[in-house]
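Each protein sequence line maps, in turn, to chains A and B. Counting from 1, one number per residue, gives the positions in the first sequence under the numbering used here. Counting from 1001, one number per residue, gives the positions in the second sequence under the numbering used here.
Just so you know, the hints here were simulated from the structure itself, not pulled from any lab data. Please note that the accuracy of each hint is not assured.
Claimed, not checked - Calculated pairs, DSS-like style, for lysine-lysine (alpha carbon to alpha carbon, straight line, at most 27 Å):
| no. | chain 1 | residue 1 | chain 2 | residue 2 |
| --- | --- | --- | --- | --- |
| 1 | A | Lys52 | B | Lys1316 |
| 2 | B | Lys1316 | B | Lys1362 |
| 3 | A | Lys52 | B | Lys1017 |
| 4 | A | Lys270 | A | Lys316 |
| 5 | A | Lys302 | A | Lys171 |
| 6 | A | Lys50 | B | Lys1052 |
| 7 | B | Lys1316 | A | Lys50 |
| 8 | A | Lys170 | A | Lys180 |
| 9 | B | Lys1362 | B | Lys1296 |
| 10 | A | Lys316 | A | Lys296 |
| 11 | B | Lys1050 | A | Lys270 |
| 12 | A | Lys48 | B | Lys1052 |
| 13 | A | Lys32 | B | Lys1052 |
| 14 | A | Lys50 | B | Lys1296 |
| 15 | B | Lys1296 | A | Lys52 |
Protein chains: 2
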Amino acid sequence: MRFQSVLDTLPIYEAGKPIELVVREYGISPDKVIKLASNENPFGVSSKVKEKVARSLDKMPLYPDDTYRELKEALSQAYGVQPSNVIQGNGSDQIFDFATRSVLGPGDCVLQNGKTFSMYSIYSEQCGAKVVSTDSIEHDLNQLLDLYKRYRPKLIFICTPCNPIGDALKKNDVYSFLDKISNETLVVIDGAYMDFGRTRDRETDIPPAEVISKYPNVVYTGTFSKVHGLGGMRIGYGIASEEIIRAFYKLRPPFNVSQLSQLAAIEALKDTDFVDSYLRSNLDELPNYESFADSKGLPYFKSYTNFITIRLEDAKLSSRELFETLLREGIILRNLKSYGLNAIRITIGRSDQNRILLDRLKALL
Amino acid sequence: MRFQSVLDTLPIYEAGKPIELVVREYGISPDKVIKLASNENPFGVSSKVKEKVARSLDKMPLYPDDTYRELKEALSQAYGVQPSNVIQGNGSDQIFDFATRSVLGPGDCVLQNGKTFSMYSIYSEQCGAKVVSTDSIEHDLNQLLDLYKRYRPKLIFICTPCNPIGDALKKNDVYSFLDKISNETLVVIDGAYMDFGRTRDRETDIPPAEVISKYPNVVYTGTFSKVHGLGGMRIGYGIASEEIIRAFYKLRPPFNVSQLSQLAAIEALKDTDFVDSYLRSNLDELPNYESFADSKGLPYFKSYTNFITIRLEDAKLSSRELFETLLREGIILRNLKSYGLNAIRITIGRSDQNRILLDRLKALL
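Bound conformation, chain A alone:
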């Protein structure tokens, strides 16, 4: 069988290790596992969302309303845009897929930061496009602009705050950058961690309604996987001009978000107390990791997210050794080796989880 030649060299995304793996490989009971690997919400999900889903199980057999009207209305109200500016995705991941497939053909160029979410390049390469990255670890808008002028990409990805590093760009810097980009270049601003960034520094906040009204070539993406605690439900969204949304809709498979996922998301948007309480806890707990790293002289990236990335070049253990040691104990972190970094990414957990992990890190590093 001859498959499309782009498949020959496509990389495959490596996900954080699931709890199931630790259970089956190391025989650790699931309730003993501490998973701080995938930037999930350590407080779980709002009890109101759980109640809503529990009351809605009779909807499982029914295809969702394929207009997703109620979800789009809830999102448009939450972000001050029109429902026609919104498209729902099976995770914000699916919005990246729509973005790449709507503008990229073989040989086209995509621009991104050196270290960033790896699905951007995977989706781009599926279209036969060539991905150009800065050589910086944190976002470098000057270098991004130089590369833009040189390569004239059809698509630019900006992840702010950035996964897997944790840095955030200031809104005004992003706007100055966007001012210099042609309206014919699609720009994805991935705001998966925007709520965390905003609570640490308001200047990093990029409101979707504002950015799409100033820049008709921007699509802002968001997710319910982080502050709303719905990572397992696969639901995200894109906010953009009607022109972009219409194009993405042509690539959207029918019923792309499950019935229970959309109900959970609508309910999650209402429970702002749950979100605020998590954001406060995250901001309270983050300094404990910073103090730890400082005490050991380990460099780390200032984080505007719910994780912290600590570099281990000068540590007693490499990121692989630390990852594997803790994995055997039932603590799952994310080794950033596949991103070319000798660094470990730690999701900020609940205080009880952080205490256990910090004790182990103090002993091991």
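Chain A is fixed; fit chain B onto it per the hints.
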């Protein structure tokens, strides 16, 4: 913004009308609506599945195990294949997407029956491929073979039993056809309705393990949306040679099936009593629609599915008129006008639903 030119002419899938629409447009209370439009399971979902999901709500925040190991093991045991022969999809729809994107490039040819599931051509056209269809309504393998020889397609779709017509091919006829097809041509056998077909005529049953061992170029697709009553949960699968599955995996987005969906599916596979009882009811109820159509002299297609398609060329109402009249009363059927047929597709419901609908059809037609 310049989008990829294939987007200019792409059709958009038209889904069956959701209950929500009838509620908001006609003010009918949701529990009074009879939806027999989308071939969902009229008995809902197994109570064991509901209990399993209700017990698993704490998993909503966690990304699924991206290996989907438990789900693939359950499917491989159910169908007598290896886990490496299985890929899960966000509905079997996503498997069609993997199939088209793995083999099709601009200008390539895809072959399908004249009337068939409309997403095949939508996904194919997204790849810039040209879709050639037979001029038959029911599957015509002789014509399909003639077109195969003339156009040498890279991909063939066979939907058996076929949506939206209801006809089924006999296994031996399919195998004789496949014997004449090059191993370099990918063939999708969409078995979404296979369980219904098998209960009506065993000769229409195409076991996935058998077909993929005889034909390494075949991918068999199945869904949890029909007999298992999980249409809203978006979960389907492909079964094929390891070579095909590996290629599809390169196009699979991470976490493509939600946490609760995979748990529901695993549980649904266990409750064979629920499935068997639905299959018996479906076979008991189908003749009531056939007798009705016979009594009115309305032609219909012999159905091997959970729906019946009745032609209305000689009826008092066109399919549009009948559809709209019943919609206002809170009964949702599927008008096949968008398929170029003056015909109505009726999902076989529970006996109480069928009685109400048949009374109205007797009065109206």
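How the hints compare with the structure:
no., hint, in the structure
1, Lys52/A - Lys1316/B, "violated (45 Å)"
2, Lys1316/B - Lys1362/B, "holds (11 Å)"
3, Lys52/A - Lys1017/B, "holds (24 Å)"
4, Lys270/A - Lys316/A, "violated (46 Å)"
5, Lys302/A - Lys171/A, "holds (17 Å)"
6, Lys50/A - Lys1052/B, "holds (14 Å)"
7, Lys1316/B - Lys50/A, "violated (49 Å)"
8, Lys170/A - Lys180/A, "holds (16 Å)"
9, Lys1362/B - Lys1296/B, "holds (8 Å)"
10, Lys316/A - Lys296/A, "holds (10 Å)"
11, Lys1050/B - Lys270/A, "holds (25 Å)"
12, Lys48/A - Lys1052/B, "holds (19 Å)"
13, Lys32/A - Lys1052/B, "holds (22 Å)"
14, Lys50/A - Lys1296/B, "violated (50 Å)"
15, Lys1296/B - Lys52/A, "violated (46 Å)"
When each numbered hint is compared with the structure, violations occur for hints 1, 4, 7, 14, 15.
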